[in-house]
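> These protein sequence lines map, in sequence, to chains A and B. Following this note's numbering, the residues of the first sequence are numbered contiguously, the last one being 286. Following this note's numbering, the residues of the second sequence are numbered contiguously, the last one being 1472.
Mixed in with the good hints there might be a few duds.
As the list claims (entries may be wrong) - Derived DMTMM-like pairs (lysine to aspartate or glutamate); straight-line CA-CA distance at most 20 Å:
(1) B:Lys1148 / A:Glu176
(2) B:Lys1143 / A:Glu181
(3) A:Lys78 / A:Glu67
(4) B:Lys1143 / B:Glu1131
(5) B:Lys1349 / A:Glu57
(6) A:Lys108 / B:Asp1147
(7) A:Lys191 / B:Asp1147
(8) A:Lys108 / B:Glu1350
(9) B:Lys1148 / A:Glu67
Source of the hints: derived by calculation from the structure; they are not laboratory data.
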Amino acid sequence: MKKVKVLKGVFFAGRHLFLLALALFWLIPIIWLVCTSFSIQPGINISRFFPEAWTFENYRLLLFNSEDTVARFPVWFKNTLIIAIFTCLISSSFVLMVSYAISRMRFKGRKALMNIGVILGLFPGFLAMIAVYFILRSFGLTNNHWGLVLVYSASSGLGYLIAKGFFDTISETLSESARLEGATEAQIFRKIIIPLSKPIIVYTVIASFLAPWMDFIFARIVLNSGIATDWTVAIGLYNMIDRVLINSHFARFCAGGVLVSIPISVLFVIMQKFYVEGITSGSVKG
Amino acid sequence: MSRFLGFFQGLAADFMQGDIFVKLSALFPGAGYFRRRQYIKGVILTLFQAVIIFFAITVAIPYIAKYSTLGTVAHESFFNPDTMKNEINDYDHSFRILLYGLISMIVLAAALVIWLRNIRSVRALEVRAREGQRITSFVEDVKSMRDKRFHIVLLSLPCLGIVLFTIVPLVVMILVAFTNYDQQNMPPTQLFTWVGLQNFRTLFSNSITISFGYAFFKVLSWTLIWAFTATATCYIGGIMLSMFINSAKTKFKQVWRTMFIVSIAVPQFVTLLLVRNFFATTGIANTFAAQWGLTDFLRNIGLIPETLTNIPFLTDPNWAKVMIILINVWIGVPYLMLIATGILMNIPKELYESARIDGASPFKAFVHVTMPYMLFVTGPYLVTSVVSNINNFNVIYLLTNDVFTTTDQALANANAQEVDLLVTWLFRLTQNFYNYKMASVIGIMVFIVCAVFTLVAFNVVLRRNKEDKFQL
């Protein structure tokens, strides 16, 4: 009897030690990021994992040193925030509008629209980017934050699948009874479906808000003037670990990475709950 | 197709049987509405007609006229004795002709559809009027936009965005695949023109100067290997991790989950750039590997060449490929863990119960209950995730750009590398070498690969699943 208990204890400890090892393995880069951001050495310290001495200097330089022309973190943060807010407004309304129409309404061409959406998803996004660049340029929108907002949000209607999956799960009898009471489709959308859809709205809003913080490739194509004050956080940080700058700015890159990760992590943790709901319900209903 | 023909038969009948105003509306689309006292609609259509005619004369026709050649007047600068300055002639810009010509054709086609359908609606109005039915007012028509035709309100702006920022650019780039648009033929200083299927022939040919055929098959095979390995490793890893955490024997479930989520909450470009420096040739991973004797050990068993004093994590083709897949596991497993956790909790308990009563071991329950259920629910997700891995630009680009240089001369001739996916190759061709024509051809190939895979997967895998017992 006692033997079994001991054996169970060993298995219990082993199981949790294994998880701890895995978790540590997953956290090593994050720990390295945080530690290096406090390092006294501005470049990469290749001989030690933890810094020799700890300092807030990297954060101070990043946030309050306006002489450094390549590290304008506060400006980048402001740029990205503005772009993210407008992208979020346009994208989330587009996504919700398209997914409501496709999920709850029946009209001619609905199936065709969905098929076109699937086909468009099979093309690599960058292929279109060159032509998008020319379209933006003919409207004078390159090196312009509005141009980037358009790039992020104009085609966002294509990402309707998850929200559609959610709308599919709302009972049709609700809309039916509202229709009998004389409600128009617009009223059903505004007064019945939207209030019931808080989880998917939160998910859509956060997901579209996060996109500009994560992307750097479209940003680099659109904002290509090389003027540091135009950049977003992602381009700015990417530029900091350029071959020329990496030895003087790596610690500051880490500090910037930490600073931008804090708000994103908070939003992400809120979002992931809804992400799971959306993915699972969306794929079951198809 | 029959609907298409039916429309034109109906149109012809309407036109022949309609009164003079129906016939007139072929010339002046507003005419029929003025007759039925729908003045606002009449004015709107007349204005629309004026705008379209103006657009056709000033923009559409000049651009479309040059479409067959993509421009003939080359860019020249000459000295103007009157102004004493160098001036530039009124040259043709091939790319602008390609782009604006396409937009013009789309606008004109849309106008044509509106024009033809308008004749039918005018005729319908006439029939209603003759039968003594009430004709809806403009205000009522607008009101129906909030009800029966609400989808038009909802869909028009998003669709306009998709047309302008996805469909038009894609079609333009597909057209570029049939031109000679590259560094030697770059507007505004040079013209480019149609070359038919020549670029597709280049992609499959090998000669002393061209090595695209060799590079294409090499990159394509790595793209496919990558897409399937990356999807499979993350999928299996994620399910195992989530089952391990969700097991009744594990304590502090939420703590463990949060620890894994933290690693994906940090933006990918930050972690990937960080990891890339972690594994750099003179990076910290190499320092430790040398200190612990790992480098010597690997050299002794022949996994790294004699000449190297460090581990070529991201600089040797084979090492880099393995590292990329491992790093991708690091990125992808927490995501899959999140998804799998949600699904595992939804598996009907009765399924396990009956499996237990039938005497199935936990392992058997996993193989016969958990996995089929997971595969059923995540089937569509798996298919799309292979496609998105074929197009997974971030991981490869951020890990290998500026770090990896190929030593294979034939690949380098085609501006490709061993670790390139089709999309990163495409990206480099456009950004560094301005070889738009070949980039477009590769883009079309990516589409074909993704389309074939999706069709096969959905037809074979998912059709079988539809008859599955889980769909109750």
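> Determine for every hint whether it applies to the structure shown.
A quick look at each hint next to the structure:
1. Between B:Lys1148 and A:Glu176, the direct Cα distance comes to roughly 14 Å. Compliance with the 20 Å bound is thereby established for this hinted pair.
2. Taking the CA atoms of B:Lys1143 and A:Glu181, the gap is about 17 Å. The hint holds against a cut of 20 Å.
3. Between A:Lys78 and A:Glu67 the alpha-carbon distance is near 18 Å, which keeps this suggested pair within the 20 Å criterion.
4. Straight-line distance between C-alpha atoms of B:Lys1143 and B:Glu1131 comes to about 24 Å, which puts the hinted pair past the 20 Å bound.
5. Between B:Lys1349 and A:Glu57 the CA atoms are separated by roughly 55 Å; this puts the pair beyond 20 Å, and the hint is violated.
6. Taking the CA atoms of A:Lys108 and B:Asp1147, the gap is about 15 Å. The hint holds against a cut of 20 Å.
7. For the suggested pair A:Lys191 and B:Asp1147, the alpha carbons sit about 14 Å apart, so the restraint of at most 20 Å is met.
8. For the proposed pair A:Lys108 and B:Glu1350, the alpha carbon gap of about 42 Å is over 20 Å, so the pair is violated.
9. Restraint check: the Cα-Cα separation between B:Lys1148 and A:Glu67 comes to about 60 Å, which exceeds 20 Å; the hinted pair is violated.
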